[in-house]
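J.: Let the sequences and hints guide you as you build the complete structure.
In order, the protein sequences belong to chains B and X. Under this note's numbering, the first residue of the first sequence carries the number 795, and numbering increases by one thereafter. Under this note's numbering, the first residue of the second sequence carries the number 795, and numbering increases by one thereafter.
Don't read these hints as lab results, they were simulated from the structure. Heads up, some of the hints might be wrong.
Identical chains blur together in the list; that is why a pair holds if it fits in one copy or across any two.
[Said to hold, decoys possible] In silico DSS-like links for lysine-lysine, alpha-carbon gap of 27 Å or less:
#1 K847 to K796
#2 K813 to K796
#3 K813 to K847
#4 K796 to K858
#5 K847 to K858
#6 K847 to K834
#7 K834 to K796
#8 K804 to K834
Every value quoted in this text rests on a predicted model; they were computed, and no experiment measured them.
There are 2 protein chains.
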Amino acid sequence: MKATIHITLKNGVLDPQGKAIENALGQLGFGGVNEVRQGKLIEVDLDESDPAKAEAALAEMCEKLLANTVIENYQIHLNDA
Amino acid sequence: MKATIHITLKNGVLDPQGKAIENALGQLGFGGVNEVRQGKLIEVDLDESDPAKAEAALAEMCEKLLANTVIENYQIHLNDA
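T.: Rendered as structure tokens:
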């Protein structure tokens with residue numbers, strides 16, 4: 795089973811990388827961009843075929859390694875059931 | 795209109811960061827992980843409210859700045875219509 799994990803900064807946490815992208819877009823002439831925030835996308839291919847077990851394992855991976863839960867949120871998306 | 799852009803390495807492009815995560819998960823005792831690949835997630839808040847125009851503008855941003863289209867693919871997801 796494949797899954798995609800979205801790791802994003804929590805609201806209120808400064809995101810200088812996103813701000814840099816926002817400024818660069820402005821300099822390239824793209825108007826109407828209110829905010830840009832950058833996060834991480836992690837694609838995991840698991841042996842586990844049970845969606846509930848896969849999601850539980852992925853949540854544990856996020857808590858222990860993938861996300862810094864002090865400043866980051868994570869969302870798990872299973873790609874095929 | 796808010797949009798989320800997924801930027802991932804093309805198939806065949808080596809991903810040492812993904813490999814490092816894969817090894818770290820193994821060392822933490824997570825079994826059954828076949829492959830991990832890391833990409834980028836960019837959240838953009840645009841003034842544009844027409845979905846077709848927003849998507850066109852985002853595609854141009856990806857081509858010009860956000861993605862290195864030699865080695866990366868991008869996918870645009872509009873979050874609200």
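J.: All hints, please: hold or fail.
T.: Each hint, compared with the structure:
1. K847 to K796: For K847 and K796, the Cα distance is within 27 Å only inside one copy (13 Å; across copies 32 Å).
2. K813 to K796: between (31 Å within a copy, 16 Å between copies)
3. K813 to K847: between (37 Å within a copy, 23 Å between copies)
4. K796 to K858: within (19 Å within a copy, 30 Å between copies)
5. K847 to K858: within (17 Å within a copy, 41 Å between copies)
6. K847 to K834: Both, since 23 Å and 26 Å are each at most 27 Å.
7. K834 to K796: both (17 Å within a copy, 17 Å between copies)
8. K804 to K834: Both, since 13 Å and 16 Å are each at most 27 Å.
The earlier numbered hints are all upheld by this structure, with none contradicted.
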